[in-house]
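Trainee: Here is how the chains run, residue by residue.
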Amino acid sequence: MRKRRRSETGPKIGLLLIGLYFLVPLVSTGAFSFWEGGNRYGLRAYIALVHEQQLWQSLGLSLRLAIETILVGLVILVPAVFWMNLRVQRLRALFDFVSVLPFVVPPIALVAGLTALYRGPSWFVGTANYLVVPYVILALPYTYRALEVGMRALDLRTLTEAAQSVGAGWLSIMFRVIVPNLSTALIGAALLTIAIVMGEFTFANILLFNTFAVYINYIGQTAATEAAALTLLSFLITWLAMLGVLLTGRGQVQIGGAR
Amino acid sequence: MSQAAAAAGTRTGTRPAGFFARSGGALTLIFVGPFLLYVSAFLILPTLMLLATAFSGAHGFTWRYVGELDQAQTLIAFRNSIELSATSALVGLVIGALAAYFVMRPGMPRGLRSLVTTFSAVAANFAGVPLAFAFIATLGSLGVITVWLKSIGIDLYGAGFRLYSILGLVIVYAYFQVPLMIIVITPALEALRKQWREAAENLGASSIDYWRYVGLPILLPSLLSAYILLFGNAFSAYATPYAISSGIVALVPVEISNVLSGNVMLSPQTGAALAFGMILVMVAVMGLYALIARQVGRWARP
Chain A
1 MRKRRRSETG PKIGLLLIGL YFLVPLVSTG AFSFWEGGNR YGLRAYIALV HEQQLWQSLG
61 LSLRLAIETI LVGLVILVPA VFWMNLRVQR LRALFDFVSV LPFVVPPIAL VAGLTALYRG
121 PSWFVGTANY LVVPYVILAL PYTYRALEVG MRALDLRTLT EAAQSVGAGW LSIMFRVIVP
181 NLSTALIGAA LLTIAIVMGE FTFANILLFN TFAVYINYIG QTAATEAAAL TLLSFLITWL
241 AMLGVLLTGR GQVQIGGAR
Chain B
1 MSQAAAAAGT RTGTRPAGFF ARSGGALTLI FVGPFLLYVS AFLILPTLML LATAFSGAHG
61 FTWRYVGELD QAQTLIAFRN SIELSATSAL VGLVIGALAA YFVMRPGMPR GLRSLVTTFS
121 AVAANFAGVP LAFAFIATLG SLGVITVWLK SIGIDLYGAG FRLYSILGLV IVYAYFQVPL
181 MIIVITPALE ALRKQWREAA ENLGASSIDY WRYVGLPILL PSLLSAYILL FGNAFSAYAT
241 PYAISSGIVA LVPVEISNVL SGNVMLSPQT GAALAFGMIL VMVAVMGLYA LIARQVGRWA
301 RP
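Heads up: the protein sequence lines correspond to chains A and B, in order. Numbered as in our numbering, the first sequence ends at 259 without a single skipped number. Numbered as in our numbering, the second sequence ends at 302 without a single skipped number.
In short, the hints are calculated from the structure, not lab data. Note that the structure is a prediction, hence the values are computed from the model and not measured. Just so it is clear, CB atoms sit at the ideal spot from N, CA and C, and this is done for glycine as well. Honestly, I wouldn't trust all of these hints.
[To be verified] From the derived model, a few chain A residues whose C-beta atoms are all more than 12 angstroms from chain B:
(1) Lys12
(2) Val24
(3) Ala31
(4) Ile47
(5) Glu52
(6) Val72
(7) Leu101
(8) Pro121
(9) Leu154
(10) Val179
(11) Tyr218
(12) Thr231
[To be verified] Stretch-level coverage of chain A by chain B, calculated; a stretch enters the list once three of its residues show a Cβ under 8 angstroms from a Cβ in chain B:
(13) 83 to 89
(14) 128 to 140
(15) 197 to 209
(16) 232 to 245
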């Protein structure tokens with residue numbers, strides 16, 4: 001007994017050191033963002049950023065892309081995963097395989113392939129909305145996993161039969177039975193997608209669209225303290241999204257436990 | 001039940017009883033078709049297009065561009081990328097596994113575990129440009145820690161340290177590799193049964209004996225598959241090294257982006273061949289992962 005208690009100091013020191021490694025860059029970035037040259041510290045970087053038109057534009061663009069990515073991703077995935085679970089289980093292996101493909105094809109390789117394949121029309125590849133195309137692929141593994149776990153927990157057969165027995169068509173089954181039952185899975189998938197899209201740099205940088213991450217990189221070339229402030233903001237966004245995922249996930253666990 | 005269904009069917013007139021039992025091919029097409037079409041058009045076709053581009057010259061099929069992958073510059077990029085990925089995966093593996101193990105020890109403060117889980121989820125997703133700037137503000141030539149160390153007499157950059165070197169990038173990559181490892185390995189550590197340890201101790205095993213003959217052999221497949229996952233994670237990273245090194249360290253993703261942005265005088269085919277080489281490495285890596293994951297599955301079953 002005594003031996004065990006003494007051996008806990010080692011792990012505690014180890015964890016402390018690891019914790020320091022993760023904390024120091026955040027604190028440094030925070031301190032750096034308040035630096036005004038010399039020994040002066042203040043809010044100058046933040047004040048300058050608030051008046052920066054381009055920042056709000058890029059932030060707005062990234063948010064819009066995140067929402068579009070969520071919508072497109074869910075519109076193509078919810079029906080597919082639903083039908084696969086309900087009727088065509090033999091497609092499961094194919095779905096699982098397809099959902100890990102985005103890991104096999106790195107973003108930088110995918111963007112090379114996309115630019116080689118699609119050169120027009122300009123209404124398609126010429127606007128920032130084009131980024132939604134690869135973003136849906138980026139988010140695919142996470143969205144698929146969330147939906148798959150969510151649907152497996154449901155008795156889809158009974159739900160569908162019950163809905164059909166009261167005269168529901170497929171559209172109302174999807175919107176009034178399946179989607180409400182999947183709300184926690186959908187929220188989890190949506191928040192993860194937001195975290196991914198808000199930080200995405202590869203596609204936007206190569207395809208020359210001014211998203212949030214591209215803007216941070218751009219401002220970093222000229223104004224280091226502003227870049228530090230935006231880094232903190234970006235960390236905050238990721239933190240909020242992940243906190244949301246974990247909180248909704250916990251809710252799901254509780255519901256499962258109550259049953 | 002079926003009576004009700006039949007009644008409902010007659011009432012609406014569109015859904016005859018027994019409709020549910022028939023598997024409609026047209027419906028499958030409507031539900032599953034868009035997804036498969038999307039993935040084909042925007043993931044599989046572009047990848048095939050890369051292959052076609054990498055192998056096509058002015059007069060049809062050619063090995064030229066893929067053959068050119070053994071040029072010095074390209075080889076350096078691949079060697080750097082593999083070295084960086086392998087080292088940062090090892091660092092992530094060791095530190096992440098230790099952290100996960102420490103957190104699970106009895107006697108740790110309450111709430112520590114959920115804090116570590118939440119933070120890991122955040123940090124594993126906090127990569128790219130912001131991460132690069134966080135480390136430039138910390139360990140860059142004017143970073144807070146660099147300046148502080150200098151004030152107490154330790155001159156990092158004078159001693160040859162650079163953030164834009166393989167070592168520097170390994171330090172940065174650990175910021176998302178360690179949390180990913182914690183997320184991946186915690187379930188495997190939880191699956192280690194207390195009884196196994198007690199049985200080993202009853203037979204006179206020391207802590208080292210237990211880990212050597214019981215713990216690590218059981219964990220080995222999980223550790224291997226985690227290592228491969230971390231390797232792939234580092235190998236495809238682009239934004240972080242781009243923002244930190246702006247091409248000073250030659251890495252495959254950065255080379256590809258140079259070709260795509262027209263920064264270097266290289267043909268698109270060379271870029272495609274590079275991307276093809278990258279996909280080959282990832283296919284090998286994921287193939288290994290799948291093989292080992294099957295092994296892990298065998299252990300996980302009680």
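Trainee: Looking at the structure, which of the earlier hints fail to hold?
Mentor: The structure breaks hints 1, 2, 3, 6, 7, 11 and 12; every other hint is satisfied.
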